[in-house]
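Peer 1: The lines below spell out each chain.
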Amino acid sequence: MQSDSIRTRKRPLRTHAGNPIACLLCYVCAFALPLIWQTAATGILYPQKLAATAPDVNAHLLKAVPGLDRWLSPAAVPAAGSAFSLREMLAVREQHWLQTLTVCAFAAWGLTLLVQLVWRFANSSPLFSAKRTVRAIRTYRLTMLSAWLLNAAIAAGIWYFGVQHITGRTLWDYLVSFGVYLLNPLAAAFVSRFAASPAISGKHAFFKRL
Amino acid sequence: MKKAALWMMLAALLFVLCSCAQLDELSQSDALPDLRLLVQPFYEEPETAEKDTETASSSMRLDLWLDASQTMGGVNPNEESMYPHSSRKYREGGFHYRYQHETGMYETLLRCMLSGVEGSRVRLLRCGNERLPDKYLLDHIKRDATAEELLSIRRDMLTYAIDPLPSIFEGFSGEKMTDSFYSLGTPQMNRISAVNRRQLENPDYASSMEKTLEQQIHAISRGYDESLIAAGNDSDYPLLYALNNLDLSRLSVITCDPASIRKLTQTDDNGDVRALVQELLTERGVFENGLSVGLYAFTLDYMGQMSSFASADLTEPLLWGRLNYNNYTGKTDGHLVMPRTLLALVIGRAEQVNAFTAAFERQLAASDTLKVPRGPQKGELTYTRNGQTVVQEPFGFEYDYTVISRATVESISQQTEGVTLTADVPVSLSGSLYTVTLAPVAGVQPDRTLTLSLPVSEAAGSMTLDAEQLANVQLAAESALLWTATLSNQPSSVIPEEAQTITLRDKVYVFTPQQPECPVRCQALSYDGSALTMQLKVDGKTLQNGYYRIRLTADLPGESLTWNTPAWISERSTTVTNEQVAAWESFTEVLARYERDRNYISVPFQHAWGDAENTTYRGENVPEFPPVTLAPGLSALVSQLQSAAHPRTMPYISFVFDLFVTNQ
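Read top to bottom, the protein sequences are chains A and B.
Going by this note's numbering, the residue at position 190 of the first sequence is 190; the numbering climbs one at a time, nothing skipped.
Each number in this note's numbering comes from the position in the second sequence (counting from 1) with 210 added on.
So that you can see chain A by itself, here it is in the shape it has in the complex (with noise of 0.2 Å):
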């Protein structure tokens, strides 16, 4: 019996302690970004670069969903003629815009989040660590594709319904629309790859440890 639990117990279980609140902090700076990036698209960047581009999104939503018209409106079409009407209708067009805009990008943020919480707790046991490290960036490398498919996803649905029928676009309608798409995933593979669980992440392992 003795020699059966030397046998079997080749080294004592290492546990080793995380940094939570560096973790926390890689969170916060990652996941952050793109929320700010998205409050200057639509605070500052559209104002000054994309001022009366809006696409009427509600009328295209209702246009492919019809059963949507019990929560969306179109803005109205102003009678010919009639300056002050169609700038009213422009600005109620904007606000319908900026708010999907918003919807959207903050939908595809906690999705993201979410899908990279799953798979962090997912991994976070610290039995098996080296097989489980291995399982890990399996499943990483499948989370990343799913949060970027599901960024894409979102991001298809906001070209389809509104960045197409915007006439003259530029760089500037791109970057607005889409740079959150392109940083939540990103967010994402940086808090997994330098903020993981301490059960699989290490000095100069694939995910590092803070």
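Keep in mind the hints are simulated off the structure, nothing from the lab.
Don't take every hint at face value.
To be verified - For lysine to aspartate or glutamate, the following DMTMM-like pairs were computed, each having C-alpha atoms within a straight-line distance of at most 25 Å:
1) Lys473(B) with Asp414(B)
2) Lys717(B) with Asp69(A)
3) Lys473(B) with Glu411(B)
4) Lys717(B) with Glu88(A)
5) Lys345(B) with Asp444(B)
6) Lys717(B) with Glu94(A)
7) Lys345(B) with Glu255(B)
8) Lys473(B) with Asp457(B)
9) Lys473(B) with Asp435(B)
Since we're looking at a predicted model, the values are computed, not measured.
Model the placement of chain B on the given structure of chain A, informed by the hints.
Peer 2: Just chain B, lined up with the frame of chain A:
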């Protein structure tokens, strides 16, 4: 690995920095601002001016200028005449004759005038052949008086009564007309002491005026100063004297014996013909001040001795109307009055003229005196006319009336019903403002043609309009809101206060008010009798993006309006030629030479040069008796009134529309 990662980061950084250089190019957009966001400049619909309406005549100030010429009163000023001033057969009195209890219709007319304006401030003025020259007034009344002050002083001196009762007219005439209202230099000229001095225009000079009038009466009776009477001066007669001294702030009624109108035109040293009445009315600004002239022509009864007729000064007067004297019984049984035409001008603001004429005509209609016919009956009195013997029948009171005022034509604007502006581009109408939207074709604004159709209204009053004479069509860009600058969409950009802006992406397009050259001109004009059609060409090359407000104006020359003169003017009018004047003056000289020594008046000359056809006198044919029933120069007088009322040009069209020049 680390080195590789470091090099990758540097490469990425370099890429980003290089991209910034391309950023401007990639951020440029060829999108154009939507000019529909421009607020069309505010257009205020012009308010239609409401016409002032005068209420009842009781609120008027009225000047009644009474013709006091000798022909008016049938007074023969020649003491050596073969005709007695008053006898069992012959009388003076003229329009204002008086025989026993009967007076001429003229007195009833005057009473009706006063009754119609009861409650108004009425001033009676006597206007005869006596004169108060400016120099006379300056010497006797006020040395430094201005022209207006002299007019005022003269009006005071001509004042006969203020706020009189109708019974005042009884004192104007009598069966003997010596020193009557119509006598030359009559003492009745001086009425300063009879009126309330405080009601004069110049009460401070009342004493001077009274004294001066006494001196004038004395001078005229002695023949001292010829400047104090209008003696044979063809351009000086009571009508002109009254017109020259009118107070235009009051309603003026001027009675006028047309026989006292000597000449209406005068040829000056340069050979230019001056229209005297037209010139005077223009000089006083009667029609320019918006006043109207109403013209009455009355058929009244007359009995008197006319020593002048138009410009003819007769040595022996014309006998027109007399008493019904029976040579056999030696008794006088009534009068044999004859018809003559009397004129009256009513000058004042249109509403005052209308109020006066309405009240006056009500009084005329209600007067029983005027309903009774007068005149000889059953061949009691005859005379020759056009070589034919005319038997005078009883005649009744009649009158005709017309009004002459400055020509008014209802002008055409975008508010006029029936106005249309069409083109082969979108044209919208908001209120009464047309907006033509001009979009580019293949990036360029082409020339375009707009069609403007304007219905022509008829002229107001008694006039006909010939709109084909429309002249001086002008188009002007009243204002414009044009794209003048493109600024950066930054808070630091300074935008002019009155500008409108359209923000698109990173640019602010600034539109500011401008005064550009008009891009529209009138290419063609046609008139089909009911509407004017204009083809307006828009020059595409000069157009800038934004709004233009275009005003089209056009004038009508005065010649485009022709008066519709009533037929009665020509029916009551006659002309007097110099040949006729010479014939009449010569004949009456011969009459005086051969007939004055008789102690009786030959039968042919007892009235209107007799009733026999083709008579001769002393071997010469007796000239046609002057047409005393008609008004000499009436047509010419009306023509001069119409000419004075005629404007040189009249603004006729004022049409505003907007051009909206878009960029897409």
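Peer 1: Any of the earlier hints contradicted here, and which numbers?
Peer 2: 1, 2, 3 and 7
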